[in-house]
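Hints given; two lone chains; assemble the complex.
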Amino acid sequence: MSETMTMNAPLTAADGESLKVKLARERRNKQLKAIALVAPLALFLLLTFLVPIAMLLKRSVDNPEVITYLPQTSAAIAGWDRRGLPSETVFAAMARDLTVAKEQKTVPEISKRLNMDISGFRSLIQRSARKMPLELAPGESVRDHFIAIDERWGDPDHWHVIAKNAKSWTPYYLYSAMDLRETKAGTPELAPEEERAFLSIFGRTLWMSMWITLFSVLLGYPVAYWLANLPARKSNLLMILVLLPFWTSVLVRVASWIVLLQQEGLINSALMGLGIIGEPLQLAFNRTGVYIAMVHILLPFVILPAYSVMKSIPPTYMRAAISLGDHPFAAFWKIYFPQTVAGVAAGALLVFIMCMGYYITPALLGGPQEQMVSYYVAFYTNVTINWGMAAALGSLLLVATMTLYAVYSKLVGANKLSLG
Amino acid sequence: MLPNYASPIERIWFWTFRALCVSVLIFLVSPLLVIVPLSFSDNTFLLYPIEHFSLRWYQEFFGNEVWLNSLKNSFIVAPAATLLAMVLGSLAAVGLTSSNFPGKALLMSILISPMVVPVVIVGVGSYLFFAPLGLTNSYLGLILVHAALGVPFVVITVSATLGNFNVNLIKASANLGANPLTTYRRVVFPLIAPGVISGGLFAFATSFDEVVVTLFLAGPEQSTLPRQMFGGIKENISPAIAAAATVLILFSIALLLTLEWLRGRAEKMRTAVEH
Chain W
1 MSETMTMNAP LTAADGESLK VKLARERRNK QLKAIALVAP LALFLLLTFL
51 VPIAMLLKRS VDNPEVITYL PQTSAAIAGW DRRGLPSETV FAAMARDLTV
101 AKEQKTVPEI SKRLNMDISG FRSLIQRSAR KMPLELAPGE SVRDHFIAID
151 ERWGDPDHWH VIAKNAKSWT PYYLYSAMDL RETKAGTPEL APEEERAFLS
201 IFGRTLWMSM WITLFSVLLG YPVAYWLANL PARKSNLLMI LVLLPFWTSV
251 LVRVASWIVL LQQEGLINSA LMGLGIIGEP LQLAFNRTGV YIAMVHILLP
301 FVILPAYSVM KSIPPTYMRA AISLGDHPFA AFWKIYFPQT VAGVAAGALL
351 VFIMCMGYYI TPALLGGPQE QMVSYYVAFY TNVTINWGMA AALGSLLLVA
401 TMTLYAVYSK LVGANKLSLG
Chain X
1 MLPNYASPIE RIWFWTFRAL CVSVLIFLVS PLLVIVPLSF SDNTFLLYPI
51 EHFSLRWYQE FFGNEVWLNS LKNSFIVAPA ATLLAMVLGS LAAVGLTSSN
101 FPGKALLMSI LISPMVVPVV IVGVGSYLFF APLGLTNSYL GLILVHAALG
151 VPFVVITVSA TLGNFNVNLI KASANLGANP LTTYRRVVFP LIAPGVISGG
201 LFAFATSFDE VVVTLFLAGP EQSTLPRQMF GGIKENISPA IAAAATVLIL
251 FSIALLLTLE WLRGRAEKMR TAVEH
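First to last, the protein sequences are chains W and X.
Here UniProt numbering is used: position 247 in the first sequence is 247, and no number is missing along the way.
Here UniProt numbering is used: position 242 in the second sequence is 242, and no number is missing along the way.
Hint data in this document are derived by calculation from the structure and do not stem from the laboratory.
Please read all numbers here as calculations on a predicted model, not as lab measurements.
Ideal Cβ placement from N, Cα and C applies to all residues, glycine included.
Do not rely on the hints blindly, as some may be mistaken.
[Stated by the list, open to error] Some chain X residues well away from chain W (every beta-carbon gap over 10 Å; in silico): (1) Y5; (2) F75; (3) V94; (4) P220; (5) A266.
[Unchecked claim] Which chain X residues face chain W? A few, computed with CB under 8 Å, are given here: (6) I76; (7) G125; (8) V212.
Isolated chain X (complex conformation) (with noise of 0.2 Å):
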């Protein structure tokens, strides 16, 4: 990488350089590591050194009511969420991307504004629309607030998508003799896919995190993962807060994944189409 002929200067600069990066790399992985072992030390606090290791942590999560229902509420809130925002936002990516129309640039902004009003404001704001609905201390409240803040990345990830894609390649289709059915499910649908699953992993990360609309909207029956760990390291931080950390992060990684290996897929099949 550093030639031979560089000057030591140049050879300092390299190495403070490298060092500054790879530090910012371990500033920003250290957390996630150093929360995973505390969950299976023995100890009351959240303490280094571990001195005996034992799963009590993660019998306290996964035998204590409380944790497994905000579990159970995170895992129908996030989905639905999701559902709803992939819908919509996949409608709304194609009408965006497909013609002209007066006013389309402030409608996008607007669609995608959820992403950049402060989250209390949104609390605040439907809590007062809510209230007098009955739709505080529901689900449904709940997931129709979450779907309307993951709805701007299915809307972004979808239009990006569909900015790369090549029109012609349905006019093949058809010239070779495909319905327009047919077209779009072998043709359309499997190129656009990706775009659609990741913009549903964004919603879903989204919702799944989602703590201050749920302060708000949320009783104590639909409490959910990320509301009950607020609660948790607000009052007292046990390490039952560490084995949920560390199934979050499991979780994370799954996610990533799914992602990584889409976007693997998608260039694959970009690069197959234009080869």
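Pulled out of the complex, with its shape left as it was, chain W reads as follows (with noise of 0.2 Å):
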């Protein structure tokens, strides 16, 4: 009975406080000085990397134009039964707004974003706003006045359209960054074929990356192999040709792959040369220009995680296997391949990954058929400043990246990322 007791009896430090909860205290204590250490990083990179991305993210669906230039009318069109044409009210509020608007000249906020609905919309609005402050005649309704200006404004689809953005969000661009368009029902609907352009882009990007992630690994693997295989002083020596690429600048790449792929380039004129061909070959500023260069610069992230892979096979297992009456070839295939399959497949979905969202090879040594989801991206900040589209265009992007990059983290652990 007594022998029960002491062994019930919890463990007790110096102190008389029981063990277990000062080991569980130590612990939380360890826990709390770890979250410690990590929170400046974590908060550094909430504020300068993912609340950035938020906004990005935010700004795909913002709609504010309507609903802050024209705010009268965004308030009377909600009463709206969307059955023939708007109150007379609902003109009256639009004849007010587009007033301000002529006053704060916000008029090509507004005609800028309702043309993106429907073309047209940007004169009809113009020409309206010029008209402002209304002046009618005794006993005319302001809906008359405004058909007399512009016979668009007695379309109820214009109206339509004005109801559709009088709220602070819209899918407009997550559905155009798809080739979609919304129905007068609200529901997605595949954009007619000529009017499509996006798709194609989002299905040119991994296509592309594909094939870039594909060469790398075909060019890579060997490679690996053979460096994996070599004495250790040797293969030291030809690593440097692999590490001085990978650390030296894209930019650097770029432009050397600008000399030697141009048509008056070193490899045209090698081939010219020696009677191959007659005329220059287009190697620069098309498609095979690109991949040439993004496979220059990706073939590094291959070899590199594929060679630590293989140092890690010890070779006695492939000898066990020749001496054991194998053919080497078969040896390879069923001994070695396998071992170095998860590590490899994992260095290709990293380029895979890094593919999808390149923007600078593509860019200089593509020409327009070249160019993948990043560029358009860019393209609507800088050219079109159309935020609503690159972001839409960026937020797609970004699903698509981080849904493989959670594969990866699944499959290989974000932690286990080789550099080589």
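Below is the structure:
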């Protein structure tokens, strides 16, 4: 009886406190210390990286123009039953809003936004704003006056567009980025074929990334195998040939590829000098050029992780298989290759992810047919200043990348990311 | 290498395989070898053959306000971003390896994510966020985002170094009478320093080679060397670019040599500790 008592009595430290409690506290302190060490970086990334990305995501559904610059119309049109034309109060609100907009010079903002839904809306708004403030003849209704300014005000479709945009968010940009458009019922449908653009750009991005990844693996795997099975002295020396380009600026490499691949470039002159071709080949500023330069940039990202995986495989496995009667090729395929698949696949996935977001190389070495999604994000930001479209394309690209990254983290573990 | 009894097919395979590997390695270095000589040409186009050698493009590079300014900017932004990334990244790596806490794997994925998020998205997002704060067209904005892009490298390399770290060494040091500060200075720091520094080198290279965020965030005043090269390649590609490229290649050789030296040192230390 007394024995079981001592067994059940909690173990205590010298000061009489239960050891279990003490241990738990110790562990908690350690956790808190760890969290305190990670916190500065987490906070830093939150402010310099995560919040900016969240702003981009929000921007893709932002729809501020109509509610900001046509506030009274937005409020009045909410009561419209969407049949026929809106009531006189809506027209009157529109007249007041446009008068204010004319004074505050915000007409271009309104017309630019509405013109996205119906082309020609720009001129309608601009022409009407010029006629503000209204000078009504006695007894004339605002509605009739508006229709007299431009008969398109009598078309309910234009009012539907205003009503649709009289809220602070819109799926418009995200739909457009997927070549969808909103029907009157509010459901998405595929845009007519001649208006589609972005699905093929996303398709092209994936397609090109796939080929670049494939070429990188096909060229990188043998080199990694060779280097991993050479004597250390030799392989360290040859490894420099992989590491040096890896550490060299991407811009330097793109400039060099232009030198090599252009019409009068080294490769064309060499081939013509040897009499292999009569006319210079078009190698730069097209897909060939982008593929060559991208494979060059991404090859080290395949070779380095593959090399470190292969280094960890004992050479005795292959020797054992061969001495047991396997043909060297069969031994490689059955014994060596399966052990490298996971590591190489992880490297390839990382290359694919990096490829999808690439901007510089296609922008400098490709033609219009080689530009990937990133290019259009930059294009809508810098050239047409359409933040909504830029953000929507960026958000979709981000979703695609993050999905693949989640797969990568699950398979490999983010902390196992190898830097060679 | 090839045994005498190898069959003809094996011989052919052996040599094709070698030829393939050698050509891939040539493919990897040839662009670097091609651009360096052109920087010494006196031709106004980046073309071979080189008829007369001259240093005029180096004069152009080192005598030109715009190029020099961009070089100066790169040497302001990259070290500052690297220092920030090294301090924050190393602290976080110590925290991440010292204890387990809920959500650690997810947190790690988030801390590494600047490495995989397309830079264009980071560029546009940080422009949207920084513009109202007055951080666009400023060094500070550029340094902050470049540091964020460099952080994953520091976290990865320092965590890897700490993963190999033998905790018993701390106990041994204490047992031999060293106080915690001495232990840190003479045992812990020398062992993790190579990880911190090589992470820093990666962060430095990232910032030093960054174009896209700079395109969005920097004004002409803050234009960095890669940004200047990007514009140069896009508009008129002159051998001044080859001169800039040669300078950058020399720089990457220096980075690479430092890294290899660190790696060798770490290796030696580790084996010395284990024996």
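How the hints compare with the structure:
1. Every Cβ of chain W is farther than 10 Å from the Cβ of X/Y5; the closest lies at roughly 12 Å, confirming the non-interface assignment.
2. Under the 10 Å C-beta cut-off, the non-interface status given to X/F75 relative to chain W holds; the minimum distance is some 14 Å.
3. Here X/V94 does not stay apart from chain W, with its beta-carbon only about 5 Å from theirs, under the 10 Å limit.
4. Interface exclusion of X/P220 from chain W stands, the closest Cβ pair being 15 Å apart, more than 10 Å.
5. Every C-beta of chain W lies more than 10 Å from that of X/A266, the closest at about 14 Å, which supports listing it as non-interface.
6. Look at X/I76: its Cβ only gets to about 17 Å from chain W, farther than 8 Å, so that hint breaks.
7. Look at X/G125: its Cβ gets to within about 3 Å of chain W, closer than 8 Å, so that hint holds up.
8. Among the interface hints, the one on X/V212 holds; its C-beta lies about 5 Å from the nearest C-beta in chain W, closer than the 8 Å criterion.
The structure fails to meet hints 3, 6 from the earlier list, while all remaining hints are met.
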